[in-house]
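Asks: Single-letter residue listing:
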Amino acid sequence: MGTKIKIEFDEMNVQESVTYILSTEYGLKPNVLKAEIKDDSSGIMILTLEGDQSKIDEAAEGLRSKGFTVSSLERHILRDKARCFSCGACLSLCPTKSFTFDEKTWEVHLDIDTCIACGSCVTGCPVKALRLNL
Amino acid sequence: MSKTYEEINDKIKAKKAVVCTAEEVIDLVREKGAEKASEEVDVITTGTFGAMCSSGAFLNFGHATPPIRMTNILLNGVPAYGGLAAVDTYIGAAQMTEDPAGGYGGGHVIEDLIAGKRVHLRAWGPGTDCYVRKSIEADISLDDINEAYLYNPRNSYQNYGIATNTSSRTIYTYMGKLLPRMRNITYSSAGQLSPLLNDPHCDVTGIGTKIFLAGGEGYVAWQGTQFNTANEEVNGVPVGGSRTLALIGDMKGMDSSYVRGLDISGYGTSIALGVGIPLPVLDADVMRRAAISDEEIFSDMLDYSLPSGRKPMARYSYAQLRSGKVEYEGRSIRTSSMSSYAGAKKVAEELKDWIEKGEFTLARPSAPLPREGRLKHLVAKE
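Here the protein sequences come in this chain order: A and B.
For the first sequence, this note's numbering gives the first residue as 1, with consecutive numbering after it.
For the second sequence, this note's numbering gives the first residue as 1001, with consecutive numbering after it.
Simulated from the structure, these hints should not be mistaken for laboratory data.
These numbers were taken from a predicted model, which means no experiment stands behind them.
Don't take every hint at face value.
The calculated label-pair distances, taken between Cβ atoms and stated as ranges, are [to be verified]:
(1) A:ARG75 to B:ASP1285: 47 to 57 Å
(2) A:LYS34 to B:GLU1372: 46 to 56 Å
(3) B:ASP1353 to A:LYS97: 28 to 38 Å
(4) B:GLU1327 to A:ASP52: 37 to 47 Å
No residue lacks a Cβ here, since even glycine has one placed at the ideal position from N, Cα and C.
Only chain A is shown next, with the shape it has when bound in the complex:
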């Protein structure tokens, strides 16, 4: 599965090849889940890293010294459980099958560990109970 991290960058470091640094300098296996650059040249990259935790920590420090903001990704998708009425519209929209029905109650469960923050479910939710928190 790997560790999910968020890297924020700005116009000072937007041209750096982050994945090249992560693989050659720290021996990590990065997998980019999402990367976007805004009009003001700032942006974020969401990726999973496979490798030793000590190497991941070193890499995070290394990137911080180059001006990136690095944080681990937690609660990257938020579900308003009071709003959700378990219709299941999200199930077939999720590429990683992070939403499932409970076999007994048919309530919708979300496995945040497998969620890659693509956001496909957000527009598909008819009660707008889902939100990305990146």
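Dock chain B against chain A, hints included.
Replies: Chain B alone, transformed into the frame defined by chain A:
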């Protein structure tokens, strides 16, 4: 053996009625047969909790001093109808605020009112000799207005088509978000729990039947709009959208956990409501029909990327749909439900609970629903 409404209601009042949900009677009938099951069970409860766009509420605000004849009305910015008497209105679930990107509509106003929240009223009138005021603002709640009742012209659809998208772009429909090249399909019926699939020819459901509507008591008021009996039947139930019901009920007794204002991206606003209908087990036929299971109920898949002329592409049972994926031309396609099966179960369970506790008796219909109904099409001028 047969039972009467009076016998069943006497048992309900004595808290001795045996009640099962439409899900529970499936196994019961498989085990004991419909005859035996109909002797044991008095009432079967059904349920559904999904989008019902053709819904809305009649409200009477009461008169202000001096009074106004309201002709233009906004509730939390959502336009309501101004063509009734001075302070009566109707707000439709699919009505959106003037800014359609707001994601808030009549369904949300109805949910907010039922949840006990205050709603901002703005209204304007022409100013007449008998209604001199020309505008008003007020914050209203369900407690401080006169009448507030849902009157929904088309609810509780008997079955409904399955949606997919063969085009190369994502489309946003009232059947949800449909991914390109048939990457997913969506369906909406509660299947084996759905009221009209358990009483497919409305033998025991008619005008005046007392029902569970959004957590309160309601009634079947009339046949729903687009009431259609012409579809092909398989296992005694129609394939695709058929009969519908017009429902009425007092909002003041409703529970917002059975109401959701919907914001369906790319389509607009709507409302999801929990609806449950009790079926009196008058004889074994009522039981036999209600024992239908998801394996026996079918619907056809339609291509929603076509603007019209959608032809059936494949037929699936609700058991297949609910499994999470179906096969189409050798590939697997993932499914999504647009109505809540968890909610349908809760409705059927809660209605069962009311009846078991003796709080909800059955009403014999005053008049039957039509035996036949066919859809007419609107012919546009060239």
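Asks: Now look at each hint and say whether the structure bears it out.
Replies: To see whether the hints hold, each was checked on the structure:
| no. | hint | verdict |
| --- | --- | --- |
| 1 | A:ARG75 to B:ASP1285: 47 to 57 Å | holds, 54 Å |
| 2 | A:LYS34 to B:GLU1372: 46 to 56 Å | holds, 55 Å |
| 3 | B:ASP1353 to A:LYS97: 28 to 38 Å | holds, 34 Å |
| 4 | B:GLU1327 to A:ASP52: 37 to 47 Å | holds, 43 Å |
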